[in-house]
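Mind docking these for me? Both chains are given alone in their own frames, and the hints should help you get the complex.
Protein chains in written order, with my numbering: chain F, 1 to 324; chain W, 1 to 513.
Since the hints were made in silico from the structure, they are not lab data.
Given the structure is predicted, the values throughout are model-derived calculations rather than measurements.
C-beta atoms are modelled at their ideal positions from N, C-alpha and C, and glycine is treated no differently.
The reader is advised that the hints may include incorrect statements.
[Claimed, not checked] Here are a few chain W residues that sit away from chain F, every Cβ distance over 12 angstroms (derived from the structure):
#1 T89
#2 E191
#3 R196
#4 M207
#5 D364
[What the hints assert, rightly or not] Calculated pairs, SDA-like style, for lysine to any residue (alpha carbon to alpha carbon, straight line, at most 20 angstroms):
#6 K331(W) x D302(W)
#7 K430(W) x R49(F)
#8 K331(W) x P298(W)
#9 K398(W) x F56(F)
#10 K430(W) x A45(F)
#11 K398(W) x R49(F)
#12 K398(W) x I36(F)
#13 K115(W) x A45(F)
#14 K242(W) x F154(F)
#15 K81(W) x G165(W)
#16 K283(W) x D263(W)
[Unchecked claim] One-sided excerpt, in silico: chain F residues whose CB lies under 10 angstroms from chain W:
#17 L54
#18 G138
#19 I281
Residues per chain, in single letters:
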Amino acid sequence: MALWLIRRLVQAGFVMLAMSLIVFIGLHMIGNPIDILISPEADQAERARAIAALGFDKPLWQQYAYFLQGALHGDLGRSFVFNEPALRLILQRMPATLELAVTAVLMSVLVGLPLGLFAGLYPHSFAGRTVMAGSILGFSLPGFWVGLMLIMVFAVGLGWLPSSGRGTTAELFGVQWSFLTKDGLRHLIMPALNLSLFNISLVLRLARAGVRETMPLDYIRFARAKGLSPQRVVFVHVLRNILIPVVTVVGLELGSTIAFSVVTESVFAWPGMGKLIIDSINVLDRPVIVAYLMIIVALFVTINLVVDLLYTALDPRVRLGGRA
Amino acid sequence: MLAATAFAWPAAAQTLSVGVSAPVTSVDPHYHTLTPNEQLDSHIYERLVETDPKARPVPGLAESWKLIDDHTWEFKLRDTKFHDGSPFTAEDVAYTIARVPTVVNSPGSFSVYTKSIVAAEIVDAHTIRLRTAGVYPLLPIDLSQVFIISHKLGPNPATEEFNTGKNAIGTGPYRFVSYQSGDRVELERNEAYWGRKPAWQHINWRMIPNDGARTAALLSGDVGLIDQVPTADLARLRTDAKVKLWETVSLRLIFLTLDQSRDGPTPYVTGPHGEVLAKNPLKDRRVREALSIAINRPAIVDRVMENAAIASGQFLPPGSYSYVPDLNPPKYDPVRAKALLTEAGYPDGLTITLHSSNDRYLNDAKIVQTVGQMWSRIGIKASVEATPWTTFVGHANKQDYSIYELGWGISTGEASNPLRSLVSTFDAAKGRGAVNRGRYSNPKLDGMIDQALTIADDSQREQALIAAQRVVFDDVALIPLHIQKNNWASRSGVIYVPRADEETHAFDLRPAN
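Just chain W, same shape as in the assembly (with noise of 0.2 angstroms):
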């Protein structure tokens, strides 16, 4: 073993130098949720509720937690210790759940985990009660987004202390040394942690962006570990003794959104000659299930993503809470695609153009070009218009587009999530639809949807959001293509743990043997 890891790191075995695509912007846990922040916060902070690999979620700083009435739950907290020696108890998670409201200048708040909760009860120093408005199963899986800080700390603790140190204190396996923005952050190893030990003292945590530079310094040894190797280099990197590949399937669904906000026309979507059309086809289902048809997905997988991902026909991966279990990728069929199209009143076709960002998803831009291809087999004339998501982003967020490709995190895991944002009618007052952009809008599902999440029993509940997911994808309300791999490539002689949330974990890198 000592050959091996000597063989890796022959600078320092006791530093793992990681290198990771996207910089750290802060190491304030609740400033912004963005996973290449929170990938660095849990190593230094921890949650009540943990996620294992598959997303699922396991006790953390909470040992166990139930519900003992409708609307409170209950969390038996455990018994540890935080970086400067102060001891972790209910009043450390009562302040965190007020703090996380009342960051200044967030752009993005955890808010959205903890505000479900109206009330905090510390019961003893290790048993807090949270309390809902309403039955609300899903506060454990809202809660394993919110890092706990120490009460310590004190009233609006700054942002900016956070990066400097000063209040960078958690419970989590590392402690924090320093943060340089843009280039790296130092841990080290939190000898008192509750947990598995790390097997690496010193972390060096260094931000590389750029693909050829990161795979770069894999290769010559400078870091032990990259995350999002580029799909490119996969290959090449797969008959690399030197370094080991290591992949899962992640909770990122890469999805066409149909817009249906418009009774009339759509502005993209146009008769076989580019004439304006009197109703917006991608009201009428029929439409949307050949669009979806003539899609091959198993090719797009193999050709376009070099295998770097799965083709779905819902929101979740197999093997995941409230997985749809017989509900494959819908079949490749041009003949029947062709067939529909006419049924609905097309028979010579239409002329679509589809968008995409260029910069945001893997291969984003050359998989809606291949759809484009597939899509004129039934007699679309398709064209594809990709831009920066920047300038992407804002046009669809206002509707402006008609077909568009993008991508949705499932972060918790479950298909409620996906359910209440992508599909939902669109409304500001419930705070429901909030990325529904292509205003899909169906009475009965936002039914089911509401029924579902008022169901404590979890089997109970798994059975009504995939009850709901039939009808969603019974109906096209959007087209599902693919769910991405996450991958991570090493040096070889060491074992890592990919994990289907995106976040790589320096603590989860151990020597082989």
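This is chain F alone, in the form it adopts within the complex (with noise of 0.2 angstroms):
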């Protein structure tokens, strides 16, 4: 358990040096940042100064290997457009994404587990195949596309929602959060919904397809035969065997929804890394393009081991170790 843990970490490290040298050279390709940044009244003198100031008059190995041993050291760099610590700036962001995130993934196991389940035990009534009709739709419809339309219609067209933001906050563990106030909850419906609404369907899909699989299982009947009731023959016997696939999505999804919620926070202009990575990108700000990949593997990274080590308390079969 403890070499499977070093072994995952070691792979961990190695995957995040990678992806910082590519970060850094593919950034190297596509311009230089002063070029972007600098004041268009500068002149050649105030070029040089600004390109001295930011290392860009050094070699891009030796500006890698500065980069190298401020990590080591925790330091990921300074963002060149906002002139703080990118790792400052990305973790300041982070609680409105992870806000967001957690919110759109709860949605989507709390609508679309039920919804799944029914659909799998009554797949031949109407509400069964509506409900598998309209994730079609969840599935196809473009996020930014379902995001303006729940503004058209929720906020400009009824105004029982704000159109965008976060609305009021309230502290709690000294960072600010959204779900603690009334404003803030009213801002984080729509944009979660719309976050989440992919989800859902996948979801949804994968219950109702578990459900399918295992309800005609010799277990299944053997537990119907025993006289168990309906509700607990559903309940634990069916949805514990189809949690897995489930619990594998979700937390996949948890990683891909906060690290691409970008389309849905640039909607709502809701203020998390998402916005703050396409606007780094867009001026070449490379500490926080950086600084944010590495978080983001890291997170994966995480996730990963939570959703094996979830399988193990699931699944006794599974067994985490090289043996299998």
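Here it is in structure tokens:
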């Protein structure tokens, strides 16, 4: 178990190293941040000063060496644009994204799982078919379009919900959260729904397929024959068995929801990390881009670890370690 | 009036939410020369010289200024107070000028506006003299970019401490309350402000870069004012009774740069069948003029820009200082253009690849596509390559392109700025022609520009600047296309003053009566 953990962590370290190198070389090939950041009014001397101030007068390998040196001391560099440590900048934005992504994933489980169970248990009913048809929309409609439609209907048309932003926030553990205030919750509903539509459909379909597959199996028949109540059969015997694929997918989707919430964040002006990374890419703010990607890698590694641990809890046959 | 206000902002009439398109990256007014920062800064801090909506200089923290000899400007300062209650004095001006070049890691320093000052002499608490190395009539204009901060901040105030609010102390109409990166800035009215009192007590400055989201926020009443209204929404908003559009002609010229750095072949202009030419046709004035008059500017303004621009044949819009009165946009004349090309030795036309960004200026890629089509009428085989600004600008700075679209915002509102930056001979030692990417060079013009900048008298200098501009456009140093309009949209029932310099000012928004 310990060996397994160490191996995973070393792997993660190599992924981060490779990733940072790719970003350095990639951004270097795209262009020079100075060209984008510097005042158009600047003369040649001011340009030279800015290039030296941000370290671009050094060869790329030297810039990378400086970065590695700092990274080993936990310093991922300062943003060219904000003049603040890149890591702090991202961590400031992180709660907004986490809050949005976790709400969206919760919604996808709370809505998707019951609907999927229902559609699996009554596959030929009208309601079951409607749910399945609806899930196709959830898959296929582009997120930004749905987001704009939600805004047009609920904010502009009906005026029920605010169109964008986080609203009033309240502090918990030194961090500002929207879900703690009524106004913040009102701001949270639409972006979270927008972000979760795809995942709701995904969970729903997985759950339905799982139920359809499990129901005819012998142990379910046996449980029924034993005289267990239908509730117990569905919620204990069926549910537990269909949860494994659902947990895998929800875990991975949590990661990608956090990493790729950018569309929803920009449509709803939600001040999360996704917006930060897009702005940073537009101005080639290298320290922020590198730090962001490193955090995302760390996040995926952690989520995969947790998912693996959850498997062992859900399915006693799964063992961690090298033997399997 | 109350009814109108209540209708526009049902939640809290004393709070105005403003939706701006570009995020504020720092509250430090000397960190980065960036309009999105400067427009927020102008709520909190003030400059010695302010500019009116037409970009003409007006008194700010300085009540008056005059040249006392060829090298010395004297500024008489206003008697006012900083937000912390300390008085504003000449010491703060000297402190600010000394601080500007020392800001750490600045990617775009304000020292370009203070570098002409060689010494600052405090005469008394409300008088300061600034000395320049030579005659420098533009000093007041340059200082209209520099925000004054209090000397009480001490040596080397940190940029981060401005964002937390500790250092964000100015004399402006609003005090800083809080800044949340990428989300919003909150401001509160400075009740002790010397000038006109702003109408709203609280300002919620929200950053909404997504065009659709910004428009939706206005339509739903979440914000009372937005900037950079997308051209696609203009027609719809014009007919909506709940909102009102505010437009003005800006100081941003969109133009084509022509590669004149090479005498030999230029990479993206070739013969009619793609053969490499012996010499660079863009060095021939007749070719440059042919390309210019083959463009139907009114059609671009009308069809591509949805009238959010005016056609132009020079740097500045009408009404500006040093505008050339009778220099109209070149008349569309494909017949004469074709004749000029023939005369220059290209009767069968040319093959040209036009370059532009696709995310920087309003409709930038569409504009060059249209230009390409217009040129095909005079026998030019034109193709277009549009790339994101991040990759485009690097190539443009290295003279990799032949003909490419750029924009230039004339921050000073007068012609010496584009003359010095865009068409002076590129010269690192003299700091001239820094963004003359086409490397146009005309010694006679350089002399005229240098000469104009030594004239202290405003009206004489204006005449000299006009004469220099005539040379530029007569020689077709670059091809001007149009000057953009700036637009804002507000809820109805208010009056807003749109500004030529693209800055959004919440204190310029007032209830209608």
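Going down the list of hints, with the structure as the test:
1. T89: Correct as stated: the minimum Cβ-Cβ distance to chain F is 29 angstroms, above 12 angstroms.
2. E191: holds, 25 angstroms
3. R196: holds, 29 angstroms
4. M207: violated, 7 angstroms
5. D364: holds, 15 angstroms
6. K331(W) x D302(W): Since the Cα atoms of K331(W) and D302(W) sit roughly 16 angstroms apart, the hinted pair holds (cutoff 20 angstroms).
7. K430(W) x R49(F): holds, 15 angstroms
8. K331(W) x P298(W): With a Cα-Cα distance of about 10 angstroms, the restraint between K331(W) and P298(W) holds, given a limit of 20 angstroms.
9. K398(W) x F56(F): Status holds; Cα separation ~16 angstroms.
10. K430(W) x A45(F): At roughly 9 angstroms apart (the allowed maximum being 20 angstroms), A45(F) and K430(W) satisfy the hint.
11. K398(W) x R49(F): The hint holds at about 18 angstroms.
12. K398(W) x I36(F): holds, 14 angstroms
13. K115(W) x A45(F): holds, 11 angstroms
14. K242(W) x F154(F): The hint holds at about 17 angstroms.
15. K81(W) x G165(W): holds, 18 angstroms
16. K283(W) x D263(W): The given pair, whose Cα atoms are some 7 angstroms apart, holds under the 20 angstroms limit.
17. L54: holds, 6 angstroms
18. G138: With Cβ-Cβ at 21 angstroms, over 10 angstroms, it is violated.
19. I281: Cβ of I281(F) sits 8 angstroms from chain W, so the hint holds.
Consistency note: the structure conflicts with the earlier hints numbered 4 and 18.
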